[in-house]
Amino acid sequence: MTAMFEGYTGADGPAYDEMFDPAGLRTSYDQLSTSLAEMTDQEIRSRVDALQAAYLDQGVTFDIGGEERAFPLDILPRVIEMEAWARIEKGVQQRVKVLEMFLEDVYDAGRVFEDGVIPRSVVTTSSHYHRAAAGITPPNGVRIQVSGIDLIRDNAGEFRVLEDNVRVPSGVSYVMTNRRAISSALPETFAQHRIRPVASYPQRLLSALRAAAPAGVTDPTVVVLTPGVYNGAYFEHALLARTMGVELVEGRDLVCRRGRVMMRTTKGLEQVHVIYRRVDDEFLDPVQFRADSLLGCPGLINAARAGNVTIANAIGNGVADDKLVYTYMPDLIRYYVGEEPVLRNVDTWRMGEADHREEVMDRLDELVLKPVDGSGGKGIVIGPRASAAELEELRAKVLQDPRAWIAQPVVQLSTVPTYIGGRMAPRHVDLRPFAVNDGQRVWVLPGGLTRVALAEGELIVNSSRGGGSKDTWVLAGPGGGQRRAQVQRQVTSTSAPVTAGPATQPVPVLVEQEQQQQQDRDDQRDDQRDDQSDDRGDAPC
Amino acid sequence: MLSRIAESMFWIGRYVERAEDTARILDVQTQLMLEDPTVDETATCRTLLSIMGVPHDEDTEVNRQTILELLAYDAQAPASIASALGAARESARRARETLSEPMWEAVNTTWRALPSGRFRSLRPPAVFGWVRDRAALVNGTAEATMTRDEGYQFLVLGRSIERADMTARLVATAALTSSSAASAWTTTLRACGAYEAFLRTYRGLETDRGAAEFLLLDRLFPRSIVHSISRAEQCLDNLESGGSRAGFGNDAQRLLGRTRADLEYRSLSDVVANLPAEMERLQYTCAAATDAVTRRYFAGAEATEWHGGGNL
Numbered sequence: 001m002t003a004m005f006e007g008y009t010g011a012d013g014p015a016y017d018e019m020f021d022p023a024g025l026r027t028s029y030d031q032l033s034t035s036l037a038e039m040t041d042q043e044i045r046s047r048v049d050a051l052q053a054a055y056l057d058q059g060v061t062f063d064i065g066g067e068e069r070a071f072p073l074d075i076l077p078r079v080i081e082m083e084a085w086a087r088i089e090k091g092v093q094q095r096v097k098v099l100e101m102f103l104e105d106v107y108d109a110g111r112v113f114e115d116g117v118i119p120r121s122v123v124t125t126s127s128h129y130h131r132a133a134a135g136i137t138p139p140n141g142v143r144i145q146v147s148g149i150d151l152i153r154d155n156a157g158e159f160r161v162l163e164d165n166v167r168v169p170s171g172v173s174y175v176m177t178n179r180r181a182i183s184s185a186l187p188e189t190f191a192q193h194r195i196r197p198v199a200s201y202p203q204r205l206l207s208a209l210r211a212a213a214p215a216g217v218t219d220p221t222v223v224v225l226t227p228g229v230y231n232g233a234y235f236e237h238a239l240l241a242r243t244m245g246v247e248l249v250e251g252r253d254l255v256c257r258r259g260r261v262m263m264r265t266t267k268g269l270e271q272v273h274v275i276y277r278r279v280d281d282e283f284l285d286p287v288q289f290r291a292d293s294l295l296g297c298p299g300l301i302n303a304a305r306a307g308n309v310t311i312a313n314a315i316g317n318g319v320a321d322d323k324l325v326y327t328y329m330p331d332l333i334r335y336y337v338g339e340e341p342v343l344r345n346v347d348t349w350r351m352g353e354a355d356h357r358e359e360v361m362d363r364l365d366e367l368v369l370k371p372v373d374g375s376g377g378k379g380i381v382i383g384p385r386a387s388a389a390e391l392e393e394l395r396a397k398v399l400q401d402p403r404a405w406i407a408q409p410v411v412q413l414s415t416v417p418t419y420i421g422g423r424m425a426p427r428h429v430d431l432r433p434f435a436v437n438d439g440q441r442v443w444v445l446p447g448g449l450t451r452v453a454l455a456e457g458e459l460i461v462n463s464s465r466g467g468g469s470k471d472t473w474v475l476a477g478p479g480g481g482q483r484r485a486q487v488q489r490q491v492t493s494t495s496a497p498v499t500a501g502p503a504t505q506p507v508p509v510l511v512e513q514e515q516q517q518q519q520d521r522d523d524q525r526d527d528q529r530d531d532q533s534d535d536r537g538d539a540p541c
Numbered sequence: 542m543l544s545r546i547a548e549s550m551f552w553i554g555r556y557v558e559r560a561e562d563t564a565r566i567l568d569v570q571t572q573l574m575l576e577d578p579t580v581d582e583t584a585t586c587r588t589l590l591s592i593m594g595v596p597h598d599e600d601t602e603v604n605r606q607t608i609l610e611l612l613a614y615d616a617q618a619p620a621s622i623a624s625a626l627g628a629a630r631e632s633a634r635r636a637r638e639t640l641s642e643p644m645w646e647a648v649n650t651t652w653r654a655l656p657s658g659r660f661r662s663l664r665p666p667a668v669f670g671w672v673r674d675r676a677a678l679v680n681g682t683a684e685a686t687m688t689r690d691e692g693y694q695f696l697v698l699g700r701s702i703e704r705a706d707m708t709a710r711l712v713a714t715a716a717l718t719s720s721s722a723a724s725a726w727t728t729t730l731r732a733c734g735a736y737e738a739f740l741r742t743y744r745g746l747e748t749d750r751g752a753a754e755f756l757l758l759d760r761l762f763p764r765s766i767v768h769s770i771s772r773a774e775q776c777l778d779n780l781e782s783g784g785s786r787a788g789f790g791n792d793a794q795r796l797l798g799r800t801r802a803d804l805e806y807r808s809l810s811d812v813v814a815n816l817p818a819e820m821e822r823l824q825y826t827c828a829a830a831t832d833a834v835t836r837r838y839f840a841g842a843e844a845t846e847w848h849g850g851g852n853l
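Line by line, the protein sequences give chains A and B.
1 is the number of the first residue of the first sequence in my numbering; add one for each residue after it.
542 is the number of the first residue of the second sequence in my numbering; add one for each residue after it.
No lab work stands behind these hints: they were computed from the structure.
Any given hint could turn out to be false.
[To be verified] Per the computed footprint, the stretches of chain A lying under chain B, defined by three or more beta-carbons under 8 Å from a beta-carbon of chain B, are:
(1) 56-62
(2) 236-248
(3) 262-276
Beta carbons: idealized from backbone N, C-alpha and C, even for Gly.
Put together the whole structure using the sequences plus the hints.
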């Protein structure tokens with residue numbers, strides 16, 4: 001073990017450390033730790049620096065308030081064993097399937113309300129419930145082409161669902177760039193593990209998008225719709241468009257004509273069939289939503305309703321990943337598929353319900369309060385960390401609009417050693433696995449984004465709050481996932497020799513010439529000698 | 542190809558070329574100021590500023606240092622190398638998904654030298670060499686890695702138009718300074734990397750007239766105005782797929798073709814009689830051609846605003 005880990009004790013408090021248990025190293029990190037032990041501190045440091053520089057050169061960045069920053073990537077990967085991953089995969093698939101069924105139901109008959117599983121008011125009061133979405137039937141029945149289910153690991157090491165993201169989940173680009181960066185920063189370590197690859201994501205996404213094309217379109221034109229370069233996730237939008245080989249459009253590139261969506265090209269207007277949009281619902285279509293939006297395209301929703309274009313993910317998905325609906329998810333899973341949830345929720349109280357509220361209001365200082373609509377860690381109040389004044393303000397806000405809040409116990413996110421200022425220190429992480437639904441099956445990208453809160457003790461991991469990330473290695477084999485020796489395929493035929501130019505002309509010619517020249521000289525000398533001998537011969541004795 | 546992306550490609554070409562050519566012009570002029578004792582520094586600097594289209598007060602003091610700030614280091618000054626490199630990178634960021642990865646990295650790493658302070662720490666003439674190297678890297682990477690699709694045509698179109706425009710400015714500066722300094726044309730040729738080629742072509746006969754002819758009219762030298770314009774015309778031709786039997790449908794092509802023919806078919810003495818005015822006319826043609834290209838290919842890209850519906 002290198003000096004990097006000296007004095008590493010795992011997390012303070014009850015949090016689960018993924019690399020060390022009280023007795024020592026966990027088996028999943030065996031190989032990684034042996035491999036790191038072979039490196040000196042200097043070596044690791046120089047690799048960390050190279051990693052940073054590579055991200056800046058490649059422009060792997062995100063924007064905070066207009067400033068472009070490199071996305072911090074930690075040198076130490078996070079390892080997830082095959083068995084643990086199998087459970088995550090199953091749980092995510094189950095959840096996405098149920099969320100699809102729920103959305104289908106909400107924007108259709110609403111059986112779930114009549115059967116009393118969830119009150120209709122929970123959905124109708126959601127700010128993401130859009131009447132405009134009613135009547136838009138997805139061509140292959142898929143509304144959630146891409147989802148990101150946020151998971152955390154509780155104090156016992158069990159993966160739990162923290163929230164669902166089925167609108168425009170972001171971060172998948174970093175899964176791919178992180179893998180590339182880490183494999184070149186730690187090639188030896190990488191080679192010693194059998195890690196499931198993540199590079200196929202764009203192809204999976206593209207085929208899911210193509211599968212969602214309007215009926216009768218055999219070769220659909222797919223585009224990625226971005227709000228523009230100033231959006232925090234612009235890098236990701238560009239990367240996805242690039243790796244899928246499709247156009248990256250902004251709202252102003254699109255125009256609706258007679259219920260069809262066209263894009264302005266140098267050759268005139270060209271019809272678009274599937275829009276993978278990374279613009280929020282409210283900005284998509286000024287005719288239906290915010291009239292002042294310049295990010296969308298007027299007429300988009302009507303074109304979708306006419307069945308001429310598919311918008312992915314579908315409009316109005318926000319009702320399903322509402323934090324309040326989240327609290328009903330276990331019931332919804334039982335109701336729709338008759339199974340127990342594979343991945344459990346974090347215990348949650350709904351502030352909108354009187355008995356829950358009563359239970360929570362006295363203990364605000366012990367709990368985490370989250371706004372139902374919030375994302376990116378905004379508005380979250382962590383009770384034990386808040387001042388009395390902050391708690392008072394929170395109390396007032398909650399009482400004013402209880403529907404807008406939920407409460408959860410302070411879950412200590414698990415920790416993983418992270419390179420901070422020259423040594424390893426425990427930092428809290430979460431995990432966002434990404435799932436792609438092409439209508440046939442829900443595919444879960446083996447890896448997902450591990451976000452890490454870089455400040456000591458910090459529990460909010462969002463990149464907008466100064467979070468970084470880690471490469472996430474899902475092992476392909478049991479145990480430490482060591483790579484087995486593979487049979488090298490032999491090259492049988494010999495290739496043609498490489499030709500060379502005159503400067504490296506094969507030597508024999510020169511040698512020959514040189515010999516020739518030498519020979520000539522020798523001959524001359526001989527002649528001279530002969531002459532001399534002749535002279536001598538002729539000389540009178 | 543999306544109009545907006547096409548526009549970005551066009552401007553990547555222009556900005557990279559602008560940075561490179563500005564570096565070449567500055568290289569010549571700073572060298573002259575150092576070498577030639579007869580050069581009036583203030584007057585030269587003023588001429589340089591007006592040729593580069595930088596507005597300046599007649600009473601403010603300009604010297605070598607202010608020129609370097611305005612035309613090289615200051616990222617806020619619109620005509621500076623720093624701002625051209627910044628703008629090239631910003632355009633590249635908008636066209637990120639169409640650029641090849643090495644191409645993007647070449648542009649991005651070049652730009653990264655600006656905020657990191659590396660660019661400023663380089664002094665002349667090393668800084669000009671650096672800019673030339675970076676431009677060569679970007680252009681070479683484009684040459685080696687980009688498919689010859691529309692995007693590439695727009696990139697080269699932008700580069701060629703900018704090169705014609707900047708060579709015109711370079712020739713104008715040479716013409717203005719050559720009255721006082723005999724070596725101005727030599728230095729100008731050197732800045733284009735064309736001095737030896739020129740000597741070979743003209744068999745060592747070094748005349749101002751010959752140098753002007755070489756930079757203006759040589760069909761084989763890639764930085765000459767005629768060559769640059771022909772290259773631009775060729776790109777436009779490639780962009781207009783269906784060959785037409787008569788004339789040209791494209792305004793930009795008409796403008797460029799007419800200007801090139803004008804340069805080539807007039808007698809040299811006529812052209813060089815008043816070089817600065819002639820070169821200024823050429824710059825206006827380049828601007829008009831850019832407008833025409835914008836109208837024809839990029840016009841769709843402007844934002845539409847939705848009026849109507851209640852505000853939410």
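For the region 236-248 of chain A, do at least 3 residues have a Cβ located nearer than 8 Å to some Cβ of chain B? holds (count 6)
Between the region 56-62 of chain A and chain B, are there enough contacts, at least three residues with CB-CB distance under 8 Å, for the coverage claim to hold? Holds, because 4 residues of the region 56-62 of chain A bring their Cβ atoms closer than 8 Å to Cβ atoms of chain B.
Between the region 262-276 of chain A and chain B, are there enough contacts, at least three residues with CB-CB distance under 8 Å, for the coverage claim to hold? holds (count 5)
Consistency note: the structure conflicts with none of the earlier hints.
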